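Participant: Each chain, written out:
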Amino acid sequence: MFSRVLRSFLSPEDLTLAETNELLDIALELKRNPLRYDLAGKTLASVYFNPSLRTRTSFDVAMYQLGGATTTLNVGDNTWNLEYRDDVVMDGACAEHIREAARVISRYAQAIAVRAFPKYTEKWEDNRQEPIHKGFVRESSVPIINLESSLHHPCQGLADILTIREKIGKPAKEPIVISWGWHVNPLPMAVTNSVLLEVAKAGMEVRLAHPEGWELDQDIMASARSLATSAGGSVKVYNELDAALPGARAIYFKSWGSIINSGAPDVERGAALAHQRHWQLTLDHMKRMDRGLFMHCLPVRRGVEVMADVLDSPYSAVIDQAENRLHVQKALLLAMLLPPRPDPSSPNYNI
Amino acid sequence: MFSRVLRSFLSPEDLTLAETNELLDIALELKRNPLRYDLAGKTLASVYFNPSLRTRTSFDVAMYQLGGATTTLNVGDNTWNLEYRDDVVMDGACAEHIREAARVISRYAQAIAVRAFPKYTEKWEDNRQEPIHKGFVRESSVPIINLESSLHHPCQGLADILTIREKIGKPAKEPIVISWGWHVNPLPMAVTNSVLLEVAKAGMEVRLAHPEGWELDQDIMASARSLATSAGGSVKVYNELDAALPGARAIYFKSWGSIINSGAPDVERGAALAHQRHWQLTLDHMKRMDRGLFMHCLPVRRGVEVMADVLDSPYSAVIDQAENRLHVQKALLLAMLLPPRPDPSSPNYNI
Amino acid sequence: MFSRVLRSFLSPEDLTLAETNELLDIALELKRNPLRYDLAGKTLASVYFNPSLRTRTSFDVAMYQLGGATTTLNVGDNTWNLEYRDDVVMDGACAEHIREAARVISRYAQAIAVRAFPKYTEKWEDNRQEPIHKGFVRESSVPIINLESSLHHPCQGLADILTIREKIGKPAKEPIVISWGWHVNPLPMAVTNSVLLEVAKAGMEVRLAHPEGWELDQDIMASARSLATSAGGSVKVYNELDAALPGARAIYFKSWGSIINSGAPDVERGAALAHQRHWQLTLDHMKRMDRGLFMHCLPVRRGVEVMADVLDSPYSAVIDQAENRLHVQKALLLAMLLPPRPDPSSPNYNI
Numbered sequence: 090m091f092s093r094v095l096r097s098f099l100s101p102e103d104l105t106l107a108e109t110n111e112l113l114d115i116a117l118e119l120k121r122n123p124l125r126y127d128l129a130g131k132t133l134a135s136v137y138f139n140p141s142l143r144t145r146t147s148f149d150v151a152m153y154q155l156g157g158a159t160t161t162l163n164v165g166d167n168t169w170n171l172e173y174r175d176d177v178v179m180d181g182a183c184a185e186h187i188r189e190a191a192r193v194i195s196r197y198a199q200a201i202a203v204r205a206f207p208k209y210t211e212k213w214e215d216n217r218q219e220p221i222h223k224g225f226v227r228e229s230s231v232p233i234i235n236l237e238s239s240l241h242h243p244c245q246g247l248a249d250i251l252t253i254r255e256k257i258g259k260p261a262k263e264p265i266v267i268s269w270g271w272h273v274n275p276l277p278m279a280v281t282n283s284v285l286l287e288v289a290k291a292g293m294e295v296r297l298a299h300p301e302g303w304e305l306d307q308d309i310m311a312s313a314r315s316l317a318t319s320a321g322g323s324v325k326v327y328n329e330l331d332a333a334l335p336g337a338r339a340i341y342f343k344s345w346g347s348i349i350n351s352g353a354p355d356v357e358r359g360a361a362l363a364h365q366r367h368w369q370l371t372l373d374h375m376k377r378m379d380r381g382l383f384m385h386c387l388p389v390r391r392g393v394e395v396m397a398d399v400l401d402s403p404y405s406a407v408i409d410q411a412e413n414r415l416h417v418q419k420a421l422l423l424a425m426l427l428p429p430r431p432d433p434s435s436p437n438y439n440i
Numbered sequence: 090m091f092s093r094v095l096r097s098f099l100s101p102e103d104l105t106l107a108e109t110n111e112l113l114d115i116a117l118e119l120k121r122n123p124l125r126y127d128l129a130g131k132t133l134a135s136v137y138f139n140p141s142l143r144t145r146t147s148f149d150v151a152m153y154q155l156g157g158a159t160t161t162l163n164v165g166d167n168t169w170n171l172e173y174r175d176d177v178v179m180d181g182a183c184a185e186h187i188r189e190a191a192r193v194i195s196r197y198a199q200a201i202a203v204r205a206f207p208k209y210t211e212k213w214e215d216n217r218q219e220p221i222h223k224g225f226v227r228e229s230s231v232p233i234i235n236l237e238s239s240l241h242h243p244c245q246g247l248a249d250i251l252t253i254r255e256k257i258g259k260p261a262k263e264p265i266v267i268s269w270g271w272h273v274n275p276l277p278m279a280v281t282n283s284v285l286l287e288v289a290k291a292g293m294e295v296r297l298a299h300p301e302g303w304e305l306d307q308d309i310m311a312s313a314r315s316l317a318t319s320a321g322g323s324v325k326v327y328n329e330l331d332a333a334l335p336g337a338r339a340i341y342f343k344s345w346g347s348i349i350n351s352g353a354p355d356v357e358r359g360a361a362l363a364h365q366r367h368w369q370l371t372l373d374h375m376k377r378m379d380r381g382l383f384m385h386c387l388p389v390r391r392g393v394e395v396m397a398d399v400l401d402s403p404y405s406a407v408i409d410q411a412e413n414r415l416h417v418q419k420a421l422l423l424a425m426l427l428p429p430r431p432d433p434s435s436p437n438y439n440i
Numbered sequence: 090m091f092s093r094v095l096r097s098f099l100s101p102e103d104l105t106l107a108e109t110n111e112l113l114d115i116a117l118e119l120k121r122n123p124l125r126y127d128l129a130g131k132t133l134a135s136v137y138f139n140p141s142l143r144t145r146t147s148f149d150v151a152m153y154q155l156g157g158a159t160t161t162l163n164v165g166d167n168t169w170n171l172e173y174r175d176d177v178v179m180d181g182a183c184a185e186h187i188r189e190a191a192r193v194i195s196r197y198a199q200a201i202a203v204r205a206f207p208k209y210t211e212k213w214e215d216n217r218q219e220p221i222h223k224g225f226v227r228e229s230s231v232p233i234i235n236l237e238s239s240l241h242h243p244c245q246g247l248a249d250i251l252t253i254r255e256k257i258g259k260p261a262k263e264p265i266v267i268s269w270g271w272h273v274n275p276l277p278m279a280v281t282n283s284v285l286l287e288v289a290k291a292g293m294e295v296r297l298a299h300p301e302g303w304e305l306d307q308d309i310m311a312s313a314r315s316l317a318t319s320a321g322g323s324v325k326v327y328n329e330l331d332a333a334l335p336g337a338r339a340i341y342f343k344s345w346g347s348i349i350n351s352g353a354p355d356v357e358r359g360a361a362l363a364h365q366r367h368w369q370l371t372l373d374h375m376k377r378m379d380r381g382l383f384m385h386c387l388p389v390r391r392g393v394e395v396m397a398d399v400l401d402s403p404y405s406a407v408i409d410q411a412e413n414r415l416h417v418q419k420a421l422l423l424a425m426l427l428p429p430r431p432d433p434s435s436p437n438y439n440i
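Read top to bottom, the protein sequences are chains A, E and F. For the first sequence, my numbering puts the final residue at 440, and the numbers step up evenly by one. For the second sequence, my numbering puts the final residue at 440, and the numbers step up evenly by one. For the third sequence, my numbering puts the final residue at 440, and the numbers step up evenly by one.
Hints listed in this document are in silico derivations from the structure and should not be mistaken for laboratory results. Note that the structure is a prediction, hence the values are computed from the model and not measured. Mixed in with the good hints there might be a few duds.
No copy labels: a pair is met if it fits in one copy or bridges any two.
To be verified - Pairs of lysine to any residue residues, derived as SDA-like cross-links and limited to a Cα-Cα distance of at most 20 Å, are as follows:
id, residue 1, residue 2
1, Lys376, Arg338
2, Lys120, Arg192
3, Lys256, Arg196
4, Lys376, Arg121
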């Protein structure tokens, strides 16, 4: 059904703009006609190193609505802890290495989906290597889907760009703000990265707003700028929110932990955060935009990052974003688990 | 299939006596012919704030035997803690509000089932508001099923009245004892309330037995008396078990925590409980009834509330009660998820 | 499909050699043609007292690929702790007795699968009674499958003898080493016991290697010797690994806790273990065998029991063993849940 074999989906960069649009078209068709049987007999093994609400529920439902099934491992809970470092003597807390786990699960399931957040107690340079996801890709003989890694939450990015298409129309040249928000905990930055790359890929005029000290990963920024250039869009950084708002058609508001504080003592992080409490989204911010859409990946802490009245306002697209997770993931599962569409230009096409 | 749209099922009072009987008839038909495909493509999302054995297993099997599927969230475990209070700044342990959670799950699943026990560390006046269940009903766009709340366990009530119909016959005017039992922990009173309302609705002669200080909620008592009056039955309270037994056709034995001790220090509760140890059900009690049926919702602590020889005696209906959970829940799921039966008196009936 | 009714599967001794081979033939047919619908409408209830990776995933997939479904209880987690001792006053940590749990689950599911490891803090004489598994068999009205008990992991044994048939050919008279390995924790010996009985049943020349003090259960040894004698094979014990290797076609390497230290203080166990660290499997050991197959049930701790280069070598059959879990379990589920094949010698066979 999809135009090519998709072996793994770890990042928005695994799909070109044309491929992304092709996938979103399939998602919209599935949104209209949700039930299929293409994946009958096929199982997705979902491996969670961290909790989940939307991801877990939407992937379970996605597989079922396509005729397939899901089996779930919760690492450190219904299964033991898994080691991912190479060449260690495994005399600690981990009873099994992902080298064996990924190979074994590949014999049972037709695809594996993995969620593993970064550890904020460790340096960003270590987290950004994404050893768990890369290990699964290396060891598995079936497709791997990223349910959120240190760098990316690409299914969220797909759902968000679909929501933008539905709510705003053609995204190219449209201004969007992606803003940091204040929070009580240092959150992963995977969603921000994936949304940034998706909207840059779509050629939007991207305004990235965050306090000094909350810069994104440099490679992500380079990728975003490169994608934007290719698509005729732009990426501009702001260190205050107000300057980024005028004329914007949407604001994607999301907290993340500072890279430079990753691995640092809690007390330093707390002091740095205390100065940034004014990065909370209010209705007043929304009114300064141009029919601005409020976007957030959820979960969101009401009254912390975002005021409750923003979430409850007609600006909010958050429930539609969440719903679109289901539709884009179904498209993705079909793209990864069905044979690709024959190429009409191939000499063997009619055979 | 069912005669009307059933939008949520929180309490026995959500169904009239006629509707209850209609549902039980569907349940009996499903007991004879268990496999159907009416719910193909439909998913039930089960949200557990507390553990479960029968409820979890029977709802999973119910959906599967009807052609549907279940996806499960265990709050604070495979998903994060959920806030249910309005207008709080969410800077504590909860990462998401049920306002978002219920709306999002409604986009994935065709019904949501929720279990949330009361917290015995809090005042009964707060627990009885059932903020979690009411929140799900308010925020969800799909039907809500109560898997046990502070006030009710209505699926258990349905299973129990079906068991009474099967074992005793027509329940109207038949005497039944509902008795408190001694226990090491203060248990929820939801089962007692739901069974009380179901048997009152069915017009039984209800004898409610408990020590002074273990009175049920006043609104529940008022509802029970009103239902009983409508159906030609009665509700009478006893403060000792022996007086309630003669001639009774069944005893429903169940412990619950005292309302007046809810929120009080543990030491006070312990002292109050120590005096009530004689409220344990023995074979001797069973023999003083009229071919009395022993009923209990399970789980039961052998040798604590009920002596093992009662559970192992031919008086016991507990396994049949548990089995009937499956059948009544399948009837309920069909009633909630299929379009209602056309009304033959409607002018459009033949169109 | 299978030649007789199989009421429970707790041990390799529940199947004769002929029946084992019959089951393996069905497994091989399912390996070639994995999807069937024979178990449509049937549910397996899986009850885990301990974590799992292969077992959980492979049984979920097995039921799904046969048209059935699985529902899972994780004891002490998504359900409460279960009591298994007879005649105790249940005023402790367990809210329900397996007497009720097994009977109730039997009303919902068509088979029950149970995993319960021994407790190394208790005496072996108590663990070897397998009270949880025996309780489920006694109380349940549906077939019981052992997912690992104190004495056995019979599904693993089946997968392993299938792997031997595939990799070595006819097992009779072929030499195989079953060896203890050093480990940081005292592991269950169930896998060793089941593999020992399976290979003895198949008539292999079995060389059991372990340090003094790590002897297997005497009844297991007696069973192994009896099975070996019947099949023309043998069982010989070695107290050093090197002597067992020459000419062997396979080595099954697996750590287990010492019976005599079960229930003893940790400090004694640690001291005993410290002297046995040389029982680690290296490539050098593999080279001293005859095209030797490396077998292990997984999970394995790299660099602890087995050196990483053994696991990564072409000698290793561990991923194939794990895959075969799926196929043998599907054969087992069909054998337990479908009516047996009619006996051609029966006068009613053609009716």
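Participant: A separate judgement is required for each hint: does it hold in the structure or not?
Facilitator: Status of each hint after checking the structure:
1. Lys376 to Arg338: Only inside one copy: lysine 376 and arginine 338 sit 11 Å apart there, 68 Å across copies, limit 20 Å.
2. Lys120 to Arg192: between (34 Å within a copy, 17 Å between copies)
3. Lys256 to Arg196: This pair counts as between: shortest inter-copy Cα distance 17 Å, intra-copy 42 Å.
4. Lys376 to Arg121: Cα proximity of lysine 376 and arginine 121: none, with 33 Å in one copy and 61 Å across.
Checked against the numbered hints above, the structure breaks only hint 4 and satisfies the rest.
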